[in-house]
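Chains as they are written, first to last, in my numbering: chain A, 1 to 761; chain B, 1 to 146.
Careful, some of the hints might be misleading.
Beta-carbon label-pair distances, calculated as ranges [stated by the list, open to error]:
1) B:Gly59 to A:Lys408: 34 to 44 angstroms
2) A:Ala757 to B:Val27: 55 to 65 angstroms
3) A:Arg554 to B:Gly63: 19 to 29 angstroms
4) B:Asn62 to A:Val746: 54 to 64 angstroms
5) A:Glu640 to B:Leu112: 22 to 32 angstroms
6) B:Gln101 to A:Ala611: 53 to 63 angstroms
7) A:Asp529 to B:Arg47: 16 to 26 angstroms
Some chain B residues near chain A, calculated using beta-carbon distances under 7 angstroms [what the hints assert, rightly or not]:
8) Val13
9) His71
10) Ile73
11) Asp77
12) Cys78
13) Ser79
14) Pro96
15) Glu99
16) Gln101
17) Met114
18) Ala136
19) Ser137
20) His139
21) Glu140
Some chain B residues near chain A, calculated using beta-carbon distances under 7 angstroms [to be verified]:
22) Gln115
23) Val116
24) Ser134
Everything labelled a hint here was simulated from the structure, so no lab data went into it. Yeah, the Cβ is synthetic: ideal placement off N, Cα and C, and Gly gets one too.
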Amino acid sequence: MRFVVEGRPLEYVEGDSVAVAMLRNGEQPAHGGTLCLSGDCGNCVAIIDGVAYSRTCQVTTRAGMVIERHPLVGGPSMFRSQPTLVPVGGSFGESQTAADVPRRNSEHVDVSHEHCDVAVIGFGSSGQRAAAESAAVGREVLVLDAGDGNEVVAIYAGPIVIVRSLAGMRHIHAHEVVIATGAAELQPVCEGNTLAGILTPCAASTLRDAGLDLGRVVCVGAEAGTQVGDRAVPSDTVLDGLLVRFNGTTRVESVTVRGPDGIERDHPCDTVIAALGSSPRDVLSRMNAQDRLTVVGSASSAHDLPLCPTSGVVCPCSKTTIEDLDGAWQRGFNEVELLKRATLCGTGTCQGAACVPHLRAFVAQRTGEEALPFTARPAARQITMGEALAGVYLDTWRRTALHDEHLKLGAQMDRFGGWWRPWNYGNHVEEYWAVREAVSIGDVSTLGKMIVTGPDSVELLERLYPTTVADIKPGRSRYVLLLNERGHLIDDGMIVRENETRFVLSFTSGGATNAEMWIRDWIETWNLDVRLMDRTTALGAINVTGPLGGELLRRLGVDEPPKFLQHRHGSVGGVPCHIMRLSFTGEASWELHHPIDRSVELWRQLLSAGADLGIKAHGLQALFGLRLEKGHVIVGMDTELDTTPRRIDHDWAVKTGKPFFLGQDALRRTANLADHRRLLAFSMDGAAPIEGCPIWIGDQVAGHVTTSFTSPVLRQAVMLGWLKRGFIPGEEMPKTVIIDGRVATVSETPFYDKEGARARA
Amino acid sequence: VRVHNTKRFTRVVATVAAIDKLVDELVDKLVNDRVGEERNGLAYVIRLAPDEVLIGGDGFENGTADVDDVHAIVESDCSFSSFLFDHDEFARTIAPCLEWQWNPDAGVGQGLLMQVPIKVHNDRQSQMVMVLCSTASAHELAERLA
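Pulled out of the complex, with its shape left as it was, chain B reads as follows:
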């Protein structure tokens, strides 16, 4: 287990159109930032559902987001813990334990890992794979991974 810590995200629930727009804007911004080398740490835009997204990383975890939906729910959220793996290590050691077929080309996957619900975020640029699970279950997943 490489890293295990609680992640702080901004969590947004809004209309599908508003989430689409927000994600497009954020991805553009992240790509531009990276090109301009303005960001040292990782940043994440993890689409959990058509109407829900997690935004994490430096400057994105403070519970604010510019969402085009007056009824959007925008909250700071630290309910997830993360485990970081490099891509090859994940493919070799963790992917065979997943109970669904992990697609290395997909950005996000969700399902059970050793009976613990997780989300897998595959960052192709950094070649890192982040496994997210509920902080309440993180100790259990850590023990099972170990």
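The following block holds chain A by itself, in its conformation from the complex:
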């Protein structure tokens, strides 16, 4: 059976890890450095089947696997290379095919959510004991061991354990996590430690077990038989003394040891076993300091720090040397965390597993104190983008029941307030004129809609809204602001009164969800006897607007369309509707609220009945312009998080004399204070500038444009924008400003139809 290394087919033995298979063929997995073959370090990473940073010691060789080394200088390509799966000179082997390539190499990675009482990470002696003890008291235990193909790559708050397996990513939701990951062997840090031919005791045992000839072997650092990690130091030529350096060009050819007599001696060899002790395998436990996370066994044991290194590469992943650390230290980076940031030591493939003990020893020697290791960040080892994003979904963008109708009309759809909405149907100016001169329909199904009833419904609304509610007569409606306790605007909409205790509330498309939670919270807080039902997604809404809108409704059976700010239930073309006379466009408008399973039927009837009236559907682009000509504010677009009614000139919507409403205290406290920002209207000749454009007074930026529109009817640019200076009471308003290099006049709103005659017609 063969696999491919750098384009050459090589034989392997079934069960070989990729690292062992490469070494069996005289190939180094990477470009040198100590091998642990335990998954702790990054010295064997390579590109396996196009996936870079794969730990070759942790991947079982498969027929046809394609291995490439990382480049000697710089990192591998950010983009997956295409592996060559066709072998040179025949098939890969007896039974395996390219389909056996691990699932993680495909574009799609499955994710599963699993739940358990206790997740035990590591199944050595400590892990086995922890699992047995938990199971004995009846707890559901899940064991996760890298040897079984379950690599834990992260632990998040929850705790949620993220596991990479051949079947995909596993997200383990555990009540408790036990980390029993044992200890990792220390890597030597001295001159020449990037040469090939240096092994930890564990790696040496692994290669011998696989039948590899290691040549002349010497062992430094411990006596034969000494336990290092899970393995005993092999009985090779044990060199008594202190490791000084490794010698050679690309492979180790000898090792220099300072004996007890203080004399340095070179010892020729092909392989050096560095038995320097161990340190806790603590990357996962450094990731999440939660009380439902327990570390047991060697992973929690106190380990002596190694001797402070004096030369060599400390962090093989980032290639950080002792000289680099010294340089950073001298520049004042005198903590473990700061050294990490200054040199990137500990931020590489192994997340500090190899270098953190040496880094701590470096700091300890200079400060006399043992510094704690830094927090480890997920993931503990490199994972593919597919694995990182497995189970991650973007926010859902909702569609109205008329979505397909918009597409049929050629709508350009865009996302607003959590919904797909038509931006225009090809020509927003034609849509605009249909509203101003004939009739148009718009899909406003996205508006928030809520029913409120109950003995305390009036009391609730009086407290919620700054306007008076009790005096709204059944059959009438009123525009309202929704304020928070600080008097800041969080939404706006309409109150529609149906009878003494039943109301329909409307909200902006983007604000509906928050508004519902807001109101429910206050109902609970005030302990009011109220029922509340959100109808946002149950009801569609179509806005019929324009001077011929009334005629259109009459053609569909509405003999007397409601007058301005009135409403009633009725049938429009056989579709049951709640007909509300409002106006956002500045023209006579009726919103038709109806069951969403009748939306398409109603939409088509309106278009059909209005064909000879010049009806067109309008999108948001036209709607935003129409409302801007009327000076209507869009919450969230024209407002900011601290916008008060005064700042947008909406004091008229606030009845400060009411007994109570949310935000009343704040508005009273600040009523006579100087204010320094205000939403104003501007107009100027020419085309509208882009939204967000700065507003200049002299050579100072004084604010920015929030919305702008080139008005077809006024033949000039109209804008709303924030001026954020010069509003000390009594101070004169600026008359002109500079926008987009042009003189703009501070204007009164509405820009168009100042008396509101068209909306009330």
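Chain A is fixed; fit chain B onto it per the hints.
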């Protein structure tokens, strides 16, 4: 994805006591109907919250209900779409994708499935599991399930 269609329910918001009473009466009626084999289709009583219930199925979706609360809100509602799975298929393919621990013995569960808010109704008699999501998000869930 087995079935994806818009469901029509009667949606009721009322006092907790009134909802308790309504649910008890409906469940009795459904059980009796089934015993008497008077009903061919499925019927659902899905308690969304202490003060809110969805009632669906033949004869239960017309927006009327006898609720012991003069201020109750009773509305016909087609804001949900449904996806139907047999119980074993749901347990094997969908439950592992839920971001909460699904209890096969519970009648109703609510939470996220692939980032889409859903409700799960487990009908033990029919061995069917119905996933409900907002009709406005149904296309998105269908794509993600596929």
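For which of the previously enumerated hints does the structure constitute a violation, in increasing order of number?
Violated: none.
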